Amino acid sequence: MRKVAIVAYGQTKHELDKDSSREKMVFDAAKSTLKMAGLTKADVDTFVSASNDYHDGRTISNAHTVGPLGADLKDESKVEMDSGAFAGLYAYMRILSGDHDVALVLGEDMASCCVPYMPGLLSLDVTYDYPMGLLNEISGAALQASCYMNKHSVNESSIAKVSVKNLKNGSKNPFALRQMPGITVEEVLKSRMLYSPIRELNAYPLTDGACGILLAEENKAKEITDKPVWIKGVGNCHDTYHLGERTLFGCDSLKLAAERAYKMAGIDNPEKEIDLAEVHEKFSPEELIFYEALGFCGEGEGKKLIEDGITEMDGELPVNPSGGALSACPLCAAGLIRIAEAAMQIREEAGKHQVRDVKTALAHGQNGICAQENIVFILGGE
Amino acid sequence: MFKNVVVERTFASASYNWSVGKYMDRYIKELKNRKLFGVKCPNCGCVYLPPRMVCERCFAKPEEWVEVSEEGTVESFAIAQVKLDRSTGELKDLEEPEIIGLIKHDGTSSCLVHRIEGEPEDVRIGMRVRAVWAEETKGELGDVKYYKPIRGEK
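Chains as they are written, first to last, in my numbering: chain A, 1 to 382; chain B, 383 to 536.
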């Protein structure tokens, strides 16, 4: 099988009410990614983007961003309603096919364009949950959180600590939307309660932003950069649509996705072999659930990792040094940002949020209410 | 809203007509008779309420109709302090908090989301609840108004 590496990445500053147009936002992320690789659009064989027609307010939401992406008259495709990480998988597969050598992946979203939370509402079961009017992505996350927290005796302070860790990390990341360097557990616990136990600072912020990564097969990758970040493993899994049929105190689909990625990458003991993880936590309790699903600890032990500082930036297994999705979450880019950030860490280019000695990193993306669909990438340096 | 640039607003009004399917059709119509009907998978024996036309666990079609008890257990819950305004996306403060429950009816294998009436501080996972019917049932989802705790039981 061909070896494929991430050879460049680029992000926009993540904001809300970004004055730049969507086209400019896409252009900025694509251009900066190509610039980092020292390439032009002519050097790219295939393009895969992630966006959402509903968020955009236009059907075929990539139709008008093909040009700003650099993909006009090229081999190009779009993934609908993806965090960008599946776009990464499809670009990887295109290179594995042998038909293409260099692929540009881009995820973008502008929350300020559409009615907030409506895309999530319109993903509900129209025969029951939508007409009942109780479920949405935040109330769903609250049901998931309270199920998990009850099962494993997790208190509000532990989930607030996840927010504090990520928001503090985010303040070291110049691209992050929420810049809250002095955030405390007390402040998180005083933030507006939405659906208990989810408070405003336990939830992702509405975000405008874009992210790109460039993939290349082995020979090209080595020509482009002396720091290729190899894709060592990838796995994905989709759980049932119906919340009432899922195990809400865990995340079965993430567990299976991780097992597949670990198997491909030859990882037997993730807790020891993974140096850093970027997970797509849209709500802070999810991060604890994800620790367990990823095998970073045993079932019910997620809170220990946060209480003992294991996942802090200077801990044994740092999680989300970028600040995670709690710091910035353009919906169709947030998973791709995790991949870009993990690659950045391996290349030691993360500046103030750089973690030392990252050889193997994990990046995670999710889609759907209560993380219905999950994808895991294992990345490694030379 | 964008402050420094011109904002063009477009309205995309779209309404959709969904067939609820034959199983949900019967479920909704039976509500008028104050009955809750689920379906049972012939393979794994799981009972789904509301009924599903596919048992995803077995990739099989449940065929057998089962009348389900009005009583069940709270598997999870959330206290809503806000209501999501569907036209603006705004999270509006509620005057009185609303209890959203994930409820598993006795004998079923799936949960449904519904409202629980009661004091938020008294709600517990594992609490027993019973469906409360509207005074006049019409054969619509609103016929089950909410769930109330069954007193004397934990």
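Just so you know, these hints were derived from the structure itself, not from any lab.
Since we're looking at a predicted model, the values are computed, not measured.
Glycine residues also receive a C-beta, built at the ideal position from the N, C-alpha and C atoms.
Some clues are possibly wrong.
[Claimed, not checked] Some, not all, of what chain A presents toward chain B, calculated at C-beta under 10 Å:
no., residue
1, Arg-58
2, Tyr-117
3, Asp-125
4, Ser-196
5, Leu-206
6, Leu-243
Against the structure, the hints:
1. The interface hint given for Arg-58 of chain A is met, as the beta carbon of that residue sits about 9 Å from the closest beta carbon of chain B, less than 10 Å.
2. For Tyr-117 of chain A, the interface hint holds, since its Cβ comes within 10 Å of a Cβ in chain B; the closest pair sits about 5 Å apart.
3. A distance limit of 10 Å between C-beta atoms decides the matter here; for Asp-125 of chain A the minimum to chain B is near 9 Å, and the interface restraint holds.
4. Evaluation of the Ser-196 of chain A hint against chain B yields a held restraint, the C-beta minimum of about 4 Å falling below 10 Å.
5. Nearest Cβ of chain B to the Cβ of Leu-206 of chain A: about 9 Å, under the 10 Å cut. The hint holds.
6. Contact between Leu-243 of chain A and chain B, as hinted, is supported at the beta carbon level, the nearest pair being about 7 Å apart and thus within 10 Å.
When each numbered hint is compared with the structure, no violation occurs for any of them.
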